[in-house]
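S.K.: Sequence:
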Amino acid sequence: MPTLKKLLSKFSREEQKALESLIEKIISFNWHSLDIKKLKGYQDIFRLRKGKLRIIFTKNNKSILILAIDNRSEKTYKF
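Here our numbering runs 184 ahead of the position in the sequence shown, where the first position is 1.
One or more hints might be untrue.
DSS-like cross-link-like pairs, simulated, lysine-lysine; straight-line CA separation at most 27 Å [as the list claims (entries may be wrong)]:
id	residue 1	residue 2
1	Lys201	Lys243
2	Lys201	Lys236
3	Lys222	Lys243
4	Lys221	Lys243
5	Lys246	Lys209
Across the chosen pairs, the derived CB separations fall in these ranges [as the list claims (entries may be wrong)]:
id	residue 1	residue 2	range
6	Gly225	Gln200	27 to 33 Å
7	Lys234	Ser193	17 to 23 Å
8	Ser196	Gly225	31 to 37 Å
9	Lys190	Lys236	15 to 21 Å
10	Ser196	Asn245	20 to 26 Å
11	Lys189	Lys209	16 to 22 Å
Hints listed in this document are in silico derivations from the structure and should not be mistaken for laboratory results. Positions of the beta carbon are idealized from the N, C-alpha and C atoms, including for glycine.
Kindly produce the complete structure, drawing on both the sequences and the hints.
M.R.: Structure (structure tokens):
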């Protein structure tokens with residue numbers, strides 16, 4: 185599983201700051217202002233959409249695991 189630092193390294197500095205802010209909101213369960221949806225076919229995998237950026241994560245009880253951070257493409261939701 186890639187580390188969060190490695191996932192963020194492929195983005196520009198501005199995108200990294202925006203992503204870090206979004207990840208903080210996900211981890212603190214402050215989801216009311218975010219575009220988060222559950223992925224079809226999965227019980228506990230969600231995606232956050234912010235412009236062209238996507239964060240795929242799973243929620244287990246009280247923990248969050250970031251699975252992928254990517255720009256929207258045909259391959260974004262295949263893992």
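S.K.: Hint by hint, note whether the structure agrees.
M.R.: Hints, verified against the model:
Of the pairs offered as hints, the one joining Lys201 and Lys243 holds, with about 23 Å between alpha carbons and a cut-off of 27 Å not exceeded. Simply put, Lys201 and Lys236 have alpha-carbon atoms about 15 Å apart, close enough for the 27 Å limit, and the pair holds. Between Lys222 and Lys243 the alpha-carbon distance is near 10 Å, which keeps this suggested pair within the 27 Å criterion. Taking the CA atoms of Lys221 and Lys243, the gap is about 12 Å. The hint holds against a cut of 27 Å.
Between Lys246 and Lys209 the alpha-carbon distance is near 14 Å, which keeps this suggested pair within the 27 Å criterion. Between Gly225 and Gln200 the beta carbon distance is about 30 Å. The supplied range of 27 to 33 Å therefore holds. For Lys234 and Ser193, the Cβ-Cβ distance of about 18 Å falls inside the hinted range of 17 to 23 Å, so the restraint holds. With their beta carbons about 32 Å apart, Ser196 and Gly225 fall inside the hinted range of 31 to 37 Å.
A hinted range of 15 to 21 Å holds for the C-beta pair Lys190 and Lys236, which are about 20 Å apart. For the hinted restraint 20 to 26 Å between Ser196 and Asn245, the CB-CB distance of approximately 34 Å leaves it violated. Checking the proposed 16 to 22 Å range against Lys189 and Lys209 shows it holds: the Cβ atoms sit about 19 Å from each other.
In summary, the structure is inconsistent with hint 10 from the numbered list given earlier, while agreeing with all the others.
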